[in-house]
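*Asks:* Can you build the whole structure from these sequences, using the hints too?
Respectively, the protein sequence lines represent chains A and B.
Residue numbers for the first sequence, in this note's numbering: 1 to 129.
Residue numbers for the second sequence, in this note's numbering: 1001 to 1503.
Because the hints were derived from the structure by calculation, they are not lab data.
A virtual CB, placed ideally from N, CA and C, is assigned to each residue, including glycine.
It cannot be assumed that every hint is accurate.
If you want the footprint, here are the derived chain B segments under chain A, 3+ residues with CB under 8 Å [as the list claims (entries may be wrong)]: (1) 1014-1024; (2) 1129-1141; (3) 1157-1165; (4) 1179-1187; (5) 1349-1356.
Short derived list, chain B residues pointing at chain A, Cβ under 10 Å [to be verified]: (6) 1108; (7) 1176; (8) 1190; (9) 1191; (10) 1193; (11) 1237; (12) 1304.
Computed beta-carbon distance windows for the label pairs [said to hold, decoys possible]: (13) A:97 to B:1039: 48 to 58 Å; (14) B:1205 to A:14: 46 to 56 Å; (15) B:1301 to A:34: 34 to 44 Å; (16) A:4 to B:1012: 51 to 61 Å; (17) A:97 to B:1102: 47 to 57 Å.
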Amino acid sequence: MTGIDFILAHYNYSASIILMALGFYIVISRGNLIKKIVGLNLFQVSVFMLYISMGKVSGGTAPILTGKPELFSNPLPHVLILTAIVVGVATTAIGLALIVRIKDAYGVIEEDEILVMDRAREQLDARSG
Amino acid sequence: MILQHLAILQVMLPLLAAPLCVLSRSPLLAWGIAALAGLFALAGSFILFAQVLNAGVISYHIGNWAPPWGIEFRLDAANSFVLVVVSLVGAVCILYGRRSIEREIPEDDQPLFYTMLLLCFAGMLGVTSTGDAFNLFVFLEIFSLSSYVLVAMGAERDRRALTAAFTYLLLGTIGATFYVIGLGFVYALTGTLNMADMAVRITGMAGSGTLRVAFAFMIIGMGLKLAIFPMHLWLPNAYAFAPSIVTALLAGTATKVALYVLLRILFTIFSPAYPFESQTLQYLFLPLGLAGVFVASIVALFQQDVKRVLAWSSIAQSGYFLLGVSFASVGGLMASIVHLFNHAIMKSGLFLAVGCVVYRTGSCSIASFRGLGHKMPWTMAAFVIGGLSMIGIPATIGFTSKWYLILAALERGWWPVAIAIVAGSLLALFYFGRIIEAAYLQPSTDDSTITEAPLSMLAPMWMLTISCLALGIDSELTVSAARAAAEALFLDPHAGLPAHTGP
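*Replies:* See below:
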């Protein structure tokens, strides 16, 4: 199994890698702070997919004891991701709260405009100091 | 009885004290709770450290679930030493903080500020104590998320704190997520999250491509948190605009905890015998460490703000840590750990001195330091001692760090590196010289209202300054502790000391 077949057979991993790259690219390339947070979310969600794919056993069910021998998926990565989702939500909440404060303080949420204001402030400081 | 549970109480008490601070609407009461929790953690860490040195590794099974299935708190000579560093700096910062916080944070926010401070503190203690790689991530995020908030609290003084906190949040989250990706790959290979168990199971997998990817992700993730040279962009602004006490706490502990995690990854989970790692150390860490020392020191020369000078100096110090690690020898590792302790003490002391100046003058530009040598003699004396220590003058702890780093470089026969370490110290002489010159030799700004900082700030600050001198003159204590820590990390982590278990 080579090339395209390999990628298609592991479509969940491929999707997670594509999402990872997209999210990371958005964080770096976009100037809008909200878009950066969206990118960060994509990036984190891709990792959730990676873990969940990892724990899934083809044909396996949820690991509940029924008394009969059954094929189970590994529940541990799923539990880990439950924690990671909580962390992701908290990060997003703090990020958005910071954006609200930045909007109050600067009036904009575009990174380049904020940078221009900060530079002007720095020059002012340098002259007075 | 209670002593058996000390390993977990150490982390749980600050964590439980945090919501108590929210409930107490009075800043003074919140400070009292935080100070008690800090002092408890400090006492606890010393007891644990003594226990580890006397009786060997402490393994605490949370909920009595045996590792590798349950979460294990595993304290050996390395992390119990880091625990002492973190709780010492944390407790001193909290004790010092009351007056400084009164000045810099609005009254209504103060109890919440102490809550965040305690969460940050508890998170760092948790990262240091845990033996479970995913639990480590959770504590890492507790401490990171609260430190983003703490940095943003500087917005009262300067709105740039908000953007600094936002950048810190983006890069910090990317760093932590990279760590989780790497951990996922290791879990896929080994099926375990316990670090010691992981180390046993990956032996013989050196050829695996997955393992290499996992290693790279984990190292880069922690590198972002540690502010290794090209990944340091979040640090100068975060340190410069955060409230004084937050800067002192983060400078003394946050990067140290990240360094500790990096050491765990490099030496406990993986080992220098792993060819991919020894190449990384030699061809990545060594050049990046050297570049970090020089670039950051040169940038520090041109800063107009004392906090920024110190922040860039912190990035340069990360370079020294990397150099020590890149030697891949017990001597180099020991030098890094000695420097970890020493840098935490002296950099926190320096930032606390800057906090005193901000408290009295409201500014931390080099210009506002003019003439302070006569107006704030005790504060500036502490600053000068801290500065001399950063340069590496004998009889200060900074000298011990540089001495062992140079010895380790010579031991490998890398004398150009030894010369570079000395040259880096020379640059530190220049950037500290500028500030000290302004404080003592330049005429003051004729503002007669500036007086010495209050005793409640001076006393905790001088505790660090005195230990900076005392441990510099008699370095036996730190060096032997660091040697034990380096040996615990470097030699086989599973052999040797027997584990005595708690319930």
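*Asks:* Work down the list of hints and note, for each, if the structure agrees.
*Replies:* Consistency of the hints with the structure:
Counting residues of the segment 1014-1024 of chain B whose beta carbon lies closer than 8 Å to any beta carbon of chain A gives 0, which falls below the threshold of three, so the coverage claim is violated. With 4 residues having a beta carbon nearer than 8 Å to a beta carbon of chain A, the segment 1129-1141 of chain B meets the requirement of three or more and the stated coverage holds. Counting residues of the segment 1157-1165 of chain B whose beta-carbon sits less than 8 Å from any beta-carbon of chain A gives 5, enough to reach three: the coverage restraint holds. Coverage of the segment 1179-1187 of chain B by chain A holds. Counting CB-CB distances below 8 Å, 4 residues qualify, and the rule asks for three or more.
With 0 residues bearing a CB less than 8 Å from a CB of chain A, the segment 1349-1356 of chain B misses the requirement of three and the coverage assertion fails. Annotation: interface hint on residue 1108 of chain B violated; nearest CB of chain A at approximately 16 Å, more than 10 Å. Interface hint status for residue 1176 of chain B: upheld, as the beta-carbon distance to the closest one in chain A is roughly 8 Å, under 10 Å. A hinted interface residue such as residue 1190 of chain B counts as satisfied when its beta carbon comes closer than 10 Å to some beta carbon of chain A; here the least separation is about 12 Å, so the hint is violated.
Checking residue 1191 of chain B against chain A by beta carbon gives a least distance of about 8 Å; that is within 10 Å, so the hint holds. With its C-beta approaching chain A no nearer than about 8 Å, residue 1193 of chain B sits inside the 10 Å limit, and its interface hint holds. Interface restraint check: residue 1237 of chain B against chain A, minimum CB-CB distance 9 Å, threshold 10 Å, status holds. A cut of 10 Å between beta carbons decides the hint on residue 1304 of chain B: the least distance to chain A is about 6 Å, and the hint holds.
Evaluation of the 48 to 58 Å hint for residue 97 of chain A and residue 1039 of chain B yields a failure: the beta carbon distance comes to about 32 Å. The supplied range of 46 to 56 Å is broken by residue 1205 of chain B and residue 14 of chain A, whose beta-carbon atoms lie about 24 Å from each other. Between residue 1301 of chain B and residue 34 of chain A the beta carbons are some 38 Å apart, a value that agrees with the proposed interval 34 to 44 Å. Residue 4 of chain A and residue 1012 of chain B have their C-beta atoms about 52 Å apart, which keeps the hinted 51 to 61 Å range intact.
At about 24 Å, the CB distance of residue 97 of chain A to residue 1102 of chain B disagrees with the hint of 47 to 57 Å.
Violated hints, listed in ascending order, are 1, 5, 6, 8, 13, 14, 17; each of the other numbered hints is respected by the structure.
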